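The primary structure of each chain is shown beneath.
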Amino acid sequence: MIDLSSYTLQTVLVGSVLLGVVGGVVGSFALLRRQSLLGDALAHAALPGVCLGFLAAGTKAAWALSLGALFAGLIGALVIVGVVRGSRVKEDAAIGIVLSVFFGAGIVLLTRIQRSEAGNASGLDRFLFGQAATLTTTDVVVIGVGGCLVLLLTALWFKELELLTFDRGFAASLGLPIRMLEVVLTALLVLVVVLGLQMVGVVLMVATLITPAAAARQWTNRLSVMVLLAAAFGGLSGAIGAVASAVVPRLPTGPAIVVASSVALSISLLFAPQRGVVFGWIAERRTAARIRIENLLKDLYRLGEDRGALGDPLPWPLVQGARHQGRRAFARRVRLLQRRGWLARSDDALQLTAMGVAQAAQVVRRHRLWELYLSRRLDLPADHLHRDAEAMEHVLSDETLGELDRLLGHPQTDPHGRPIPPAPTGAPGSSR
Amino acid sequence: MSPELVILLVGICVAVSCALIGCFLLLRQLTLLGDAISHAVLPGIVIGFLLTGSREPLPMFLGAGAFGVLTVFLVDLFLRSRRLREDASIGVVFPGLFALGVILVSRYASAVDLDIECVLYGEIAYAPWDTWSLFGVELGPKPLWVTAGTFLIDLVVVIALFKELKLSSFDPRLAAALGYSPVLLHYLLMTLTSVTVVGAFESVGAILVVAMLIVPAATAYLITDHLPRMLWLASLVGTVAAVSGYFLARALDASIAGSMAVCAGLQFLLVLLFAPSYGVIGRWLVRRRLMRRLSSELLLGKLTTDRAVRAADLAQRFGWAESRILRALQRLEREQQVERTADGFRRIGC
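Chains as they are written, first to last, in numbering that gives the first Met the number 0: chain A, 0 to 431; chain B, 0 to 349.
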């Protein structure tokens, strides 16, 4: 069972939730500014800083290591900017170079320290993957204070940062200190990395920043909501990771947090409304079904029109042959229309009901009004109209249709000389 | 074979195979996908260990190859579904898979005989003693066989498909139009990257593979515009990094793989500064020469043969500092295009 009163678990829990919240907030900006991998590079670049901090101060105290990490992370950011501006090496390669070379230097320093003063420094390698169990109350206080500072700065400059994120050019034209704000954002990123060093380590730090933000992005288009959601996802993943690693033996906290947030991201990618894959798929299928039904209605209408009587029975093969469709799919559509009361069928014939005629008339009306609009306004030749109208008949809204009708002077016939069915009574633009 | 020679040879094999692949990754701006693959193969390697219970290379390669391709597939999937941008899709896929790998290692550490440090730094120092015997015949150090094997695979594929890789790296549309499937080549390169990364994994670790993939290629890219030359140079830079890294590590008593990355980084820094046409200093010199020529030509246009003009007047007219005008005039004087008279400068007729 989980012992929630355990001191270690409480410390780890509070620390990882705080870190998750702060990481989510800062990561949201990094994600939207396409700087996800900059966070990764800065995290890796912090490692030599930790070692140099230890060597310079001669102590494992948090302040020395954090200062070193902060310093090295900022240097790494500067080197990336310098290489991209000063040479023809592209950003991806510059990030990769800083990430791997700084990390290599960190490993050299780390192994050097470990071999020279084994007992004293053996704790440094916990910064690779983090070791939440070694977290003390002081560390949590540091994370809390640093986190509050980060949140405060973000809240204070939220409007400016939002503008910078979405429209850098406009922000510059308003006279905002762009360079300064960008430096602030990078500094915040480095600060969060430093806060997370002990918890998740340099290697997996990027996931604390980016994964909750990417998950939050799927649920909303508003930055403020996204930042709050990212904080929530981050905090929740932190809590789940901390508890899971307390319950399951030999489950390291940092990777557990990362796996928890990856699961949150997978769920978001699949099930978020609007952007989620599943909902997108359902909406797509629904639209496709509607289009198929509307096409069948239109086929029935036009065939009836050709024969001079709209409600008359039509032979089954004639209707099926109006467009390329399989027998079984066609039968399915027929059943659908029947269930809605728009179609009556006998063994060898199909017949639109009065309700069906009214429905079909609207599809045909959209088609023919659009054809007329194209031919009058854009002067398109008659043989270019049909294909475009085939698509538009499924998407024109009632309002647009009313406007079109008014614009064209309530026409009676389409460019091919066929009648345009009237609007149903009560629809916009139907008053004659 | 002396242990030292084995370590050096393993390092060189890793460096050269990474350099060959890295050049194509760099030209296609896919270096960070290489980074992602180098992390994401970890769970594949561990699962390979767990299933077979041994450290034989084949299951390791199969598991890692599968996860390498899975990484590329997931990144492409997120990208194509337009739910995430490229940096973000890379940034969420590999930490997730790597974290999974780390958890597997920690949970089943005793079963897989693989520790976390080895994952990160590699254990090239133990290469000479990790010998391989087949049917009772001693075949020598296993890491050497593995890395030499990946080097050969890379070399053969790069030579065999050189034309296709080159064309699709520089002009993917033309390559597609000529019928070379871009998707196939992409996945081929990514599989090759996975194989190379796994081959190097045990020796130099997950993250330092990235240094070997990117840094030598970027260094060569700053020196030349010619692809075969770039491949040669990258291999050379990688080799120098491997050899000097080994001796640096011995001098410092530190990680060999880390030192190799540092040496590669130092070479990149040197080339970044001193490369003839793309280095920082080279570019600065070119820009200065252009600026000088521009000032001279602008000044010459304003000077005439019949009337001398004072430098101060010219400075005012151009809105430049007088010192800049004077320096330009002195250069023109040395080139015998203008002469100094009592009341200013005058153009010499020709």
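Since the hints were made in silico from the structure, they are not lab data. Incorrect hints may have been included.
[Said to hold, decoys possible] According to the in silico footprint, chain A covers these stretches of chain B (three or more CB under 8 Å from chain A):
{"#": "1", "region": "23-35"}
{"#": "2", "region": "72-82"}
{"#": "3", "region": "88-99"}
{"#": "4", "region": "120-126"}
{"#": "5", "region": "251-257"}
{"#": "6", "region": "276-290"}
{"#": "7", "region": "304-313"}
[To be verified] Partner residues aside, some chain B positions facing chain A, computed with beta carbon under 7 Å:
{"#": "8", "residue": "LEU207"}
{"#": "9", "residue": "ALA210"}
{"#": "10", "residue": "LEU325"}
{"#": "11", "residue": "ARG330"}
None of these values were measured; they are calculated from a predicted model. All C-beta atoms in this analysis are idealised placements derived from N, C-alpha and C, irrespective of residue type, glycine included.
Now for the hints, and whether the structure bears them out:
no. : hint    : in the structure
1   : 23-35   : holds (count 7)
2   : 72-82   : holds (count 3)
3   : 88-99   : holds (count 8)
4   : 120-126 : violated (count 1)
5   : 251-257 : holds (count 6)
6   : 276-290 : holds (count 4)
7   : 304-313 : violated (count 0)
8   : LEU207  : 6 Å, holds
9   : ALA210  : 3 Å, holds
10  : LEU325  : 30 Å, violated
11  : ARG330  : 27 Å, violated
The structure fails to meet hints 4, 7, 10, 11 from the earlier list, while all remaining hints are met.
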